[in-house]
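Line by line, the protein sequences give chains A and B. Numbers 5 to 150, taken from this note's numbering, label the letters of the first sequence in order. Numbers 37 to 108, taken from this note's numbering, label the letters of the second sequence in order.
Simulated from the structure, these hints should not be mistaken for lab results. For clarity, every value in this text was computed on a predicted model and none was experimentally measured. Backbone N, C-alpha and C define an ideal beta-carbon position, used for all residues, glycine too. Do not rely on the hints blindly, as some may be mistaken.
Stated by the list, open to error - Label-pair ranges, simulated between beta-carbon atoms:
1) B:Arg47 - A:Ala82: 16 to 24 angstroms
2) A:Gly15 - B:Arg47: 48 to 56 angstroms
3) B:Glu85 - A:Arg37: 17 to 25 angstroms
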Amino acid sequence: MQTTVHSSRFGELEVPEDAVIEFPQGLIGVGGRRFALLTREENSAFKWLQEVDEAELAVPVTDPFAFYSDYEVRISDAEAERIGISDPAAAEVLAIVRAAERLEDFCANLLAPLLISGGVGHQVINEAPEAPIRAPLLVPVAEDAA
Amino acid sequence: MLTITRRPGERIMIGDDVVIEIVEVSGGTVRVGITAPRERLIYREELWERVKQENREAAQASFGSEGPPAAG
Numbered sequence: 005m006q007t008t009v010h011s012s013r014f015g016e017l018e019v020p021e022d023a024v025i026e027f028p029q030g031l032i033g034v035g036g037r038r039f040a041l042l043t044r045e046e047n048s049a050f051k052w053l054q055e056v057d058e059a060e061l062a063v064p065v066t067d068p069f070a071f072y073s074d075y076e077v078r079i080s081d082a083e084a085e086r087i088g089i090s091d092p093a094a095a096e097v098l099a100i101v102r103a104a105e106r107l108e109d110f111c112a113n114l115l116a117p118l119l120i121s122g123g124v125g126h127q128v129i130n131e132a133p134e135a136p137i138r139a140p141l142l143v144p145v146a147e148d149a150a
Numbered sequence: 037m038l039t040i041t042r043r044p045g046e047r048i049m050i051g052d053d054v055v056i057e058i059v060e061v062s063g064g065t066v067r068v069g070i071t072a073p074r075e076r077l078i079y080r081e082e083l084w085e086r087v088k089q090e091n092r093e094a095a096q097a098s099f100g101s102e103g104p105p106a107a108g
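If we strip away everything but chain A, and leave its shape as in the complex, we get (with noise of 0.2 angstroms):
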């Protein structure tokens, strides 16, 4: 089965319906309810959460372990019981990107990851101490990087 995703960026996309990411309760601030992660280059850093019925909103996101190897996701009992996600590195964790003009200068937020396990997702707030909201993302320069 596919999904028509329609993207103010990307145009009208097909994507696979296992693909397809819930969001219960959205992302913090900006809602959207289910999400397509796509990649646009094969060996991009990053990839796009592009919500499906809302062509406006995505975010670039990456994998926080790929700049920070000891990067830690620490989140309350109460969080743990409320998105079903015990052990947060049994779940799969994002971080949303925060582009800039130069590929130095984009940073990721490390402070409110996302934990995606079984096609749902969760926006939390990460307890662990070293988590900052903009963690610089360090990438060689390159031109095709991004």
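Given chain A's structure and the hints, the job is docking chain B onto it.
Chain B in isolation, oriented as in the chain A frame:
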């Protein structure tokens, strides 16, 4: 804004399922206990505001958006 005066140990109901309890008042600080259904998200306002703002700004990005991506 509705303003209600409460003492430590007293509670406020919001609807039938959200309970706000004044746990302790000390100096300029108030400790508040909140009991709510799990789907009610509870944040310190300044933290929620920062994350909301960061999400909004992330959603303004346009880099690398030319050309169709593949789902994956």
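> Would you say the C-beta atoms of A:Gly15 and B:Arg47 sit inside 48 to 56 angstroms of each other?
Replying inline: 53 angstroms, holds
> Regarding B:Glu85 and A:Arg37, is the given constraint of 17 to 25 angstroms on their beta-carbon distance met?
Replying inline: 22 angstroms, holds
>> Quick check on a hinted range of 16 to 24 angstroms for B:Arg47 and A:Ala82, using CB atoms only.
In response: 19 angstroms, holds
In this structure, none of the earlier numbered hints is contradicted; all agree with it.
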